Amino acid sequence: MIRTLMFSGAALAALAAAPVALAQPIAIVNARIETAASAGAIANGVVVVDGGKIVAVGPAVKAPAGARVIDAKGGVVTPGFIAGSSSLTVAEVNAVNETRDDRAGKLSAGFDVQYGVNPASTQVPLARQVGVTRAIVTPVRSQGGGGHKDDGFDGHDEFAGGGVGDADPPLFAGQAAVVKLSDDEDLVLKAKVAVALDLGESGARTAGSRGAALVLVRSALEDARAFARNRSAYEQGATREFGLSRIDLEALVPVVQGRTPLLVRVERAADIRQVLRLAREQNVRVILEGASEGWLVADELAAAKVPVLIDPLVNLPDSFETLAARLDNAARLERAGVTIGIQGSRDFNNLRQARLNAGTAVAYGLPYQAALKAISANVAKIWGLSDVGTIETGKTADLVIWSGDPLETSTWPTAVLIGGVEQPVKVRAFELRDRYAAPEGARPRQYTQP
Amino acid sequence: MVEWRSAAAIAAALAASLAATGCATTGASGPGGPVAAAAPKAAPAKTGGSGKSGKSASEAPKPLPPGLDPAANPDPFPSTYKPAPSTPTAFKGATVLTATGARIDNGVVVMTDGKITAVGGPDTPIPAGVTVIDATGKWITPGVIDSHSHLGVYPSPGVSARSDGNEATDPNTAQVWAEHSIWPHDPGFDRARAGGVTTLQILPGSANLFGGRSVTVRNVPSGTMQGMKFPGAPYGLKMACGENPKRVYGGRNRQPSTAMGNVAGYRTAWINAADYQRKWDDYRAKRDKGEKADPPKRDLQLDTLSAVLRGEILVQNHCYRGDEMAVMVDIAKEFGYKISMFHHASEAYKVGPLLAKENICFATWADWQGFKMESYDGIEANAAIAWKAGACTVIHSDDATITQRLNQEAAVAMAAGNRIGMGITEAEAIKWITANPAKAMGIDKQTGSLEPGKRADVVVWTRNPFSVYALAEKVYVDGALTYDRTDPRYQPKSDFSLGQPGEGAFHP
Numbered sequence: 074m075i076r077t078l079m080f081s082g083a084a085l086a087a088l089a090a091a092p093v094a095l096a097q098p099i100a101i102v103n104a105r106i107e108t109a110a111s112a113g114a115i116a117n118g119v120v121v122v123d124g125g126k127i128v129a130v131g132p133a134v135k136a137p138a139g140a141r142v143i144d145a146k147g148g149v150v151t152p153g154f155i156a157g158s159s160s161l162t163v164a165e166v167n168a169v170n171e172t173r174d175d176r177a178g179k180l181s182a183g184f185d186v187q188y189g190v191n192p193a194s195t196q197v198p199l200a201r202q203v204g205v206t207r208a209i210v211t212p213v214r215s216q217g218g219g220g221h222k223d224d225g226f227d228g229h230d231e232f233a234g235g236g237v238g239d240a241d242p243p244l245f246a247g248q249a250a251v252v253k254l255s256d257d258e259d260l261v262l263k264a265k266v267a268v269a270l271d272l273g274e275s276g277a278r279t280a281g282s283r284g285a286a287l288v289l290v291r292s293a294l295e296d297a298r299a300f301a302r303n304r305s306a307y308e309q310g311a312t313r314e315f316g317l318s319r320i321d322l323e324a325l326v327p328v329v330q331g332r333t334p335l336l337v338r339v340e341r342a343a344d345i346r347q348v349l350r351l352a353r354e355q356n357v358r359v360i361l362e363g364a365s366e367g368w369l370v371a372d373e374l375a376a377a378k379v380p381v382l383i384d385p386l387v388n389l390p391d392s393f394e395t396l397a398a399r400l401d402n403a404a405r406l407e408r409a410g411v412t413i414g415i416q417g418s419r420d421f422n423n424l425r426q427a428r429l430n431a432g433t434a435v436a437y438g439l440p441y442q443a444a445l446k447a448i449s450a451n452v453a454k455i456w457g458l459s460d461v462g463t464i465e466t467g468k469t470a471d472l473v474i475w476s477g478d479p480l481e482t483s484t485w486p487t488a489v490l491i492g493g494v495e496q497p498v499k500v501r502a503f504e505l506r507d508r509y510a511a512p513e514g515a516r517p518r519q520y521t522q523p
Numbered sequence: 010m011v012e013w014r015s016a017a018a019i020a021a022a023l024a025a026s027l028a029a030t031g032c033a034t035t036g037a038s039g040p041g042g043p044v045a046a047a048a049p050k051a052a053p054a055k056t057g058g059s060g061k062s063g064k065s066a067s068e069a070p071k072p073l074p075p076g077l078d079p080a081a082n083p084d085p086f087p088s089t090y091k092p093a094p095s096t097p098t099a100f101k102g103a104t105v106l107t108a109t110g111a112r113i114d115n116g117v118v119v120m121t122d123g124k125i126t127a128v129g130g131p132d133t134p135i136p137a138g139v140t141v142i143d144a145t146g147k148w149i150t151p152g153v154i155d156s157h158s159h160l161g162v163y164p165s166p167g168v169s170a171r172s173d174g175n176e177a178t179d180p181n182t183a184q185v186w187a188e189h190s191i192w193p194h195d196p197g198f199d200r201a202r203a204g205g206v207t208t209l210q211i212l213p214g215s216a217n218l219f220g221g222r223s224v225t226v227r228n229v230p231s232g233t234m235q236g237m238k239f240p241g242a243p244y245g246l247k248m249a250c251g252e253n254p255k256r257v258y259g260g261r262n263r264q265p266s267t268a269m270g271n272v273a274g275y276r277t278a279w280i281n282a283a284d285y286q287r288k289w290d291d292y293r294a295k296r297d298k299g300e301k302a303d304p305p306k307r308d309l310q311l312d313t314l315s316a317v318l319r320g321e322i323l324v325q326n327h328c329y330r331g332d333e334m335a336v337m338v339d340i341a342k343e344f345g346y347k348i349s350m351f352h353h354a355s356e357a358y359k360v361g362p363l364l365a366k367e368n369i370c371f372a373t374w375a376d377w378q379g380f381k382m383e384s385y386d387g388i389e390a391n392a393a394i395a396w397k398a399g400a401c402t403v404i405h406s407d408d409a410t411i412t413q414r415l416n417q418e419a420a421v422a423m424a425a426g427n428r429i430g431m432g433i434t435e436a437e438a439i440k441w442i443t444a445n446p447a448k449a450m451g452i453d454k455q456t457g458s459l460e461p462g463k464r465a466d467v468v469v470w471t472r473n474p475f476s477v478y479a480l481a482e483k484v485y486v487d488g489a490l491t492y493d494r495t496d497p498r499y500q501p502k503s504d505f506s507l508g509q510p511g512e513g514a515f516h517p
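First to last, the protein sequences are chains A and B.
Quick note: the first sequence uses the working numbering, first residue 74, plus one each step.
Quick note: the second sequence uses the working numbering, first residue 10, plus one each step.
It is possible that some hints are incorrect.
Claimed, not checked - Distance ranges between label pairs, derived from CB positions:
hint, chain 1, residue 1, chain 2, residue 2, range
1, B, Arg287, A, Ala193, 54 to 62 Å
2, B, Val168, A, Pro440, 35 to 43 Å
3, A, Arg346, B, Gly130, 55 to 63 Å
4, B, Pro87, A, Pro440, 49 to 57 Å
5, B, Thr233, A, Ala376, 45 to 53 Å
6, B, Asp179, A, Gln519, 37 to 45 Å
7, A, Gly284, B, Arg263, 36 to 44 Å
8, A, Gly284, B, Val168, 50 to 58 Å
9, A, Ala116, B, Thr233, 51 to 59 Å
10, B, Gly138, A, Gly477, 27 to 35 Å
11, B, Pro501, A, Ala376, 35 to 43 Å
12, B, Arg112, A, Gln519, 49 to 57 Å
13, B, Lys298, A, Gln519, 53 to 61 Å
14, A, Glu258, B, Arg263, 44 to 52 Å
Unchecked claim - Counterexamples of contact, computed for chain B against chain A with all Cβ distances above 12 Å:
hint, residue
15, Pro85
16, Thr96
17, Asp114
18, Asp122
19, Pro134
20, Asp143
21, Gly167
22, His189
23, Arg256
24, Val336
25, Val338
26, Asp339
27, Asp386
28, Pro501
Please keep in mind that the hints were generated in silico from the structure rather than gathered at the bench.
These numbers were taken from a predicted model, which means no experiment stands behind them.
Beta carbons are placed, not taken as given, at the ideal position from N, Cα and C, and that holds for glycine.
Given only the sequences and the hints, what does the whole structure look like? Please build it.
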C-alpha cells in the first residue's frame, strides 16, 4: 500500500509539473463514452481533444498521430458535471462568516457574486474530484442552509455560526455568475446570469407573508420597468418613489426585458403556480430551485417550459411547504417533459453528492441517461451554456474519466480535463489523507511533505 | 442482588472487563447483560436496616418514597414494546452479509419466533413448516442501526413548536432525557425504516457540555415513545466537545466561552457526581447498619452523571477534532469512566491508534465536512484510515435524510479507503452500520449481526446494498415484517401524514 501511495504521489507530482501544452492533441481511448447527447452511450470509443475542443468522438475514431493518449482502461468518460446552483468559490467554511461571500448584505438584486469568487478555494480541486467542472454561483438570501440539526445549522435555533449579519435579508438575493473550476487565476466565465429570489416560506419570513412577498416582487419588477423607460427622469428625481435602490433596479432591468432569468427558490405546489403566473403576467423568464412538490404541477411546468433544479433526495415533510416531497420527484418531472437539473442542497458536501443523488433518482425511476443529463447537459441548457454539457464535436473539452459508473458510490475520476487541459490533483483533503494514511515515522507527521 | 458499587470499585471492574473486550463498549454492560436489566433493584425500603442491627421495626429508618431514591426505580418510563406477530421464515439464495465478517453466497437465513435461528450456506437445513422466500439475487444484512439520530426530538415538520432537541438553557443539562422529547409520529421514522433502519439511538443536541440522556428505540410505528423503547438497552449520556457549547454560552457571556472553559465544565461536573455518589454510598452503608442517616437530596442531573461513573450509562461524546478527543480520553481516566463513542469525529483519522488502544468507537459521516472550523479537516478517507488503525468504526447520520441511506454513506467511506488500496470488503464495511453501532450502544448481545439467538432484525435488499441503486425491499424487526416496498399493507404512515398533499407517500 505504501508503495502504491508513493508511486501515485510521484505520478501526480510529475503530472502537475508537466506542462500540458494545448498544442498537443489528446486522445482518450478504451472508454465507454456517455455523451449526454442524442448519440447516447458509445460502448467502446475514442474522444479526441485539440485546441481545447472536442474534435472527434465515436467508436471508430482513431487517435491522431502525435496525440497524447490517455487510456481509460475500460472506464467511463462523461462531460464535466455542472453544479446548477452553488456556493462554490464564494464560501469556504459555512460557519466562518469571514469566508462567506454569497450574501447580499446591504444590497438586494444588485449584489453581484462575481467579485467574491476565490479561485484558491480548497473546494475547487475537491469539486473536480466529484467530476464537477463548472458551477453556477448563486447568492443566498441568508446563511444558505447546510450543516445538520445537531449543530443547529438548519435554522432551528441560534447555534448557527454562519448567519451573522443578515437579520433582515432582502427578497432578492443578488446576481449569479458562471465559473469554471479549473486550476486558473480567473474562473468567472460570465457574470449576472440570473437574479436569485426566495419565495415560499423563506420569502414570507422577510416580507411577512407569501402575499406580501409577491406584491413586493411585482412592485419591484414594475419599478424596474419604469426605471428602464426613463433613466433621466430618475436621475433628475422626477419619478415616483421606487421601493429599491438604483443599484438593485439596475440589476432587474435585464430581468424585466427577458434577457436574464429569475432563479426562484420555491417548494410548495401552490407557490410554484404563483411563480408561473408571475412569470406569465410580468413576462419574465424563470428557473426554479427546490420545487420539492414540483411533481404535483409537472404538466404545468412542462407547458410553461420552466426548468427546475432539484435535490431528488428531499422526501420529508420537513416544513409545511414540502409536505408532498417524494423520492420520485425527478422521475415524474422528467416523464412529464420538464427539464430537470439535479443537485445536492446548498451545503458544499451535499453538492459533491450530486452524482450520487442522480444515481438515487435512477433507483426511484429516472432513466439512467436522463440522470446523467440532469447533472450535465440539462444544467448547461438551463443556464444557456451552449459550449459544454455534452460530448460532441465542437464542444469545449470539459471531460471526466471515471474508474467506473460515474453515478456509483464506488467510483472516482481518474482524470479531469477542463478546456482541454488535464487538471492537477492538488487536493487538500488528499494531502491530509496521505499524511495520516502513511505509517507513523520517527518524526511528527507534520514533517511529511505532500 | 446487584449492589450499588462505589466509583472506585467500578473503575477497577471496568478496567478489567474492558481489557477483555474488542470494540469495547460491551465492557460497560458487563457479563450480566444489558445495563438497564442489571440495574439495581428497587431498594427494599420496607426491610429498613436489613435486620442486622436487631432494632425493632419501630426504630428502623423510615422508607424513602421511591421517587426520592435514585435506586428505587431506575426505569420509571419502562418499555412497552412488544414484537409484532411473525411467521417463521427462511430466505434462500441470497448473498448474506452477517456483520460478523462473513459473506455467504447463495445463503440461507432462518427466523423463528423473532430470533435468528440459522445462518449458513445453501445446505443449511430449513425446518418444516417455515415459510420459504426465494431471495435469489437479493442481499441480506442485519437491520441498519443509526447510532446518532434526532428523529422524534427534531421531527418533521421542523417548526419551532416541535424543536425539542436542545435544552440550551444551561451548559449542564444531564438531568434531561431525550425520550421525553420524542414525538413518535415523526414521519421521519417511516422514511428511515424504508432505508432499512431497525434501531436508532435518539440523542439530545450538542448545545451543552452535557446534553442529557439518549435513548435507544426500535424503529416501529407506535403511539407512544415507550412503545418504541428498546427493552434493556442502556442509556447514553450525550456530551459535546468543541465549538457548540462555547458558542452558545459564550454568546451569553457565560462559561464556557472557550475550549478551556469546556474542560473546566466537564471536570467540575464529574467532581460533583463523585461527591453525590459518595453521599448515597455513605447513607446506604449507615442505613444497612441500622444507623440513623439522612438520605441525600435526589438530584436528577447527578443521578445520570453518577450512573456514568458506575458504568451503567454509556458516554456518547460529540467531538470533531482529534486533539480534543485526546483531552476527553484523559478526563475520562481522571474520573474513572469510559467513553463509549466519539460522534462526528471528523478527525478520527488523526487519532486512530489512540481510539484503538482506548477501545473507543467513533461514528462519522462519509464526507460531510468543512461546514465549520472543527470539521474543516474532515476527509472522505476518515473512517477508512481510523479503521485501518484498528478503531471500532461506525457510520452515523445525525440527519433525517442521510439516515435513509446509511448503506450509501458506508459505501462512500469504504470506497475512499479502497481508492488508496485498503481492500475493505463489503463483509467488513457492513459492520459500520450494524454490529459496531450495536457495540457502541451496548445492545450487541441482542442485535447488530445475523447470528443464531439474536433478534431477527433483517433487511432484504434489492441488490448489493453498497450500490447507489440498492433499495431496502423488506425490513424485519424481531422477525416481523415491518416494511415491504412491494406491499402497501406494510408501508405504515404516521398520523401526521394522513390527509396531506401526496398523502405522505414516499414510494414511487
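To see whether the hints hold, each was checked on the structure:
no., hint, in the structure
1, B:Arg287 / A:Ala193: 54 to 62 Å, "57 Å, holds"
2, B:Val168 / A:Pro440: 35 to 43 Å, "37 Å, holds"
3, A:Arg346 / B:Gly130: 55 to 63 Å, "58 Å, holds"
4, B:Pro87 / A:Pro440: 49 to 57 Å, "51 Å, holds"
5, B:Thr233 / A:Ala376: 45 to 53 Å, "48 Å, holds"
6, B:Asp179 / A:Gln519: 37 to 45 Å, "39 Å, holds"
7, A:Gly284 / B:Arg263: 36 to 44 Å, "41 Å, holds"
8, A:Gly284 / B:Val168: 50 to 58 Å, "20 Å, violated"
9, A:Ala116 / B:Thr233: 51 to 59 Å, "57 Å, holds"
10, B:Gly138 / A:Gly477: 27 to 35 Å, "45 Å, violated"
11, B:Pro501 / A:Ala376: 35 to 43 Å, "37 Å, holds"
12, B:Arg112 / A:Gln519: 49 to 57 Å, "40 Å, violated"
13, B:Lys298 / A:Gln519: 53 to 61 Å, "60 Å, holds"
14, A:Glu258 / B:Arg263: 44 to 52 Å, "46 Å, holds"
15, Pro85, "27 Å, holds"
16, Thr96, "29 Å, holds"
17, Asp114, "19 Å, holds"
18, Asp122, "34 Å, holds"
19, Pro134, "35 Å, holds"
20, Asp143, "22 Å, holds"
21, Gly167, "5 Å, violated"
22, His189, "18 Å, holds"
23, Arg256, "6 Å, violated"
24, Val336, "18 Å, holds"
25, Val338, "18 Å, holds"
26, Asp339, "20 Å, holds"
27, Asp386, "6 Å, violated"
28, Pro501, "15 Å, holds"
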